[in-house]
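Here the protein sequences come in this chain order: W and V. Quick note on my numbering: the first sequence kicks off at 1 and runs consecutively. Quick note on my numbering: the second sequence kicks off at 1 and runs consecutively.
Just so you know, the hints here were simulated from the structure itself, not pulled from any lab data. Predicted model, so just to flag it, every value in this text is computed and none were measured. Hints should not be assumed to be uniformly reliable.
[What the hints assert, rightly or not] Partial pick of chain W residues on the chain V-facing surface, computed with a CB cut under 8 Å: (1) Leu340; (2) Ile380; (3) Tyr382; (4) Gly383.
The beta-carbon is built from N, C-alpha and C at its ideal position, and this holds for glycine as well.
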Amino acid sequence: MKKYSPNEEVDFVVIGTGAGGSVMAKQLAVAGFSVVIMEQGGWGAYGHEQDYNKDELSNRFPTEDEALISDPRRHVNTFRRNASEKAVPGNHNFGCVVGGGTVTYGASSWRHLPWEFDEASRFGTIKGTGIADWPITYKELEPYYVQAEWEIGVSGPNIQSPLIAPMSKPYPVPPLPLKSSGALVQKAADKLGLVVTPNVAAIITEPYNGRSACINCGMCSGYGCQVKARSSSAVSLLPIAVATGNCEIRPNSYVREISVNAAGRATGVIYLDKKNDNREVFQKAKCVVLAANGTESPRLLLMSKSNRFQHGLANSSGVVGKYLMVGNGGGASALFADPLNEYKGCVTGAAVLSYVPNDVKGRGWYGGGRMTARGQQSPIQYGLSGPRGAPRWGAGYKKALIEQANRRLTLVNFISQLPLETNMVDLDPEAKDAWGLPALRITTTSHENDFRAMRFFIDKSVEILKAAGATEVWADTLSDSRGGSHARGSCRMGNDPKTSVVNKYHRAHDVPNLFVVDGSSMVTGGRNHPTMTISALAYRCAEHLVKAAKAGNVTI
Amino acid sequence: MSATRRTFLLKGFGATTTAWLAANWPAQVAAAEAAQQMGHFTFFTRPQAMEIDAMAQQIYPSDSTPGAKEAQVIYFIDLALVTFAKDKQEIYKKGFGELSAKTGGKPLGSFPVDQQIALLTGIENTPFFRTVRDHTIMGMFSAPQHGGNFRKVGWQQIGFDDSLNFRAPFGAYDKA
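Isolated chain W, as found in the complex:
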């Protein structure tokens, strides 16, 4: 792998190796630019994925070097419901390894539908919310979805339906098996007139681009993939970037500041070299691409204060960190008479699409969601959470645990969430992380509309599970999310520098050579399946950036 000296001014520093950053690094490196891509986390099993651990206990209690996901005890974060509360320790985490969240994610890869880009115009705004049209259309983004799906490797059904975004090219490989959860939901859907499809996933079901097909091992979400069937950035994109000889992956590098000069241009990044006593290193760069995720990106901008940018970098609008959408869910679970064995195969099974569109008049609330059928419970997880309606220990516990094993089906919903200015990421004024940097503070309470949406999905889930013939059904408690890996909206894109952080090509309005390319760019949250849209946005941004940089001017 090419190595650069920190003193060497590289063309691009990319911060973050997940869905956004890896696309950027790969496209820029292939175009011939020098790139250093920084990652807070370690290598994981990059290049020797067969060593990924499938042991549930050590996955649950990884050593610092083994960890694939951030640990809130070190990556300290705090949470509060609203600005009048004092924040308490939070459990927010994110993928923290070369490949970012794509190494361990469930890999659902739904496109946004065309009307998810201009919902404000189509369905109206809601007072007190930040719902707005995107500065780009589905039509503009569609070719980049295709590019992402084919380069990364996505499996899915090829169905023409108003419930699925129109596609100019089908998915490269066939969908994952429906599993027993899918078969049961299909049975209910036939009775209730609902549309069910296999999941769309960045998991390959046939050999593709030199990688193996999924073997349905079952230790999936939360684990690295040992056969490289999950199309993480680390197996699909970063090896191509490295093979150009132009790109260095620099893991264990925790960027704490994007530096600027007197003219207000980014000059590089200061990072902590974790394997070298957290020594501070300055990497010079002509241009900085920030892709650290929907919470870490705004945090880094807010930490990058300077005389010129006293409220944080690229924050003249005051919008950095605001309009955060962390992603709401909820649903219901059921027991069936016979084993489903959902522990086999990928976590996310079939999808119910019928409630994806808006139906404000019909339902009395704004938004929609995608239902997913699943029931995966690995042995320790199942034992600790325990069987339904049974004692926590003793003979009754054991009896119920054995009786209920593998018979559970859960409907998990991915639901829209309104962007609110008051929901945000900022720097905790007191708490520090393990490296002495200001802890991430999340402030969020969903809009009342979104609680009605969640109630709807919980009730629908119960109805579907009953129609599927469950012997027992129980609903989730209604609650909104407090963080997690679906964070979006916190550096929103827009045409007006007063109300948005980046322009339609992801360039910061305030800093001509700084680009923010991850979930934080999103204006609205879609149906809480953000990754494929992040990838497509990055391909689009990269194409424009390459053209501009080749013309000698990254100010696009």
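Got chain W; can you put chain V on it based on the hints?
For chain V alone, kept in the frame of chain W given last:
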């Protein structure tokens, strides 16, 4: 742990149930005999291991199918406390005192089963009991290399196949 000692353990008292022991042997003698047959511990003293083993046997009892005893959960917990669960050592150290206060200093395993259950129910909301409960369950269902789930008895009970390579149909409903 050596395979020889595991075999010895099973021959020694693996096949007899707690209920049988309680009914047929003077309780204190049974406890002492069992302690002598236990292997080497890293974190626990032998009497401490006996107490935790007795708790584990009530948390996940042996009946017509194996329980915490046959899964050798006690060795899992002993190993856990010097590895991934080091931060739980203090809870155990304090817990022995809490348990002893309830049993009047007598070994838990020397009481009849219904009394053991009553004693444990009295402390079931303490951090100590909750931790032993969680560790017992982890010992039942984690991979055997961690010391418990001996011969995969835990996995067999809940129908978990660890071959990590499957083809459809996976369950009863995606057949045909």
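Outcome of the hint check:
1. Leu340: Where the cut-off is 8 Å and the nearest Cβ of chain V is about 4 Å from leucine 340 (chain W), the hint holds.
2. Ile380: Holds. Min distance 5 Å.
3. Tyr382: Holds, because the Cβ-Cβ distance from tyrosine 382 (chain W) to chain V comes to roughly 7 Å (cut-off 8 Å).
4. Gly383: holds (4 Å)
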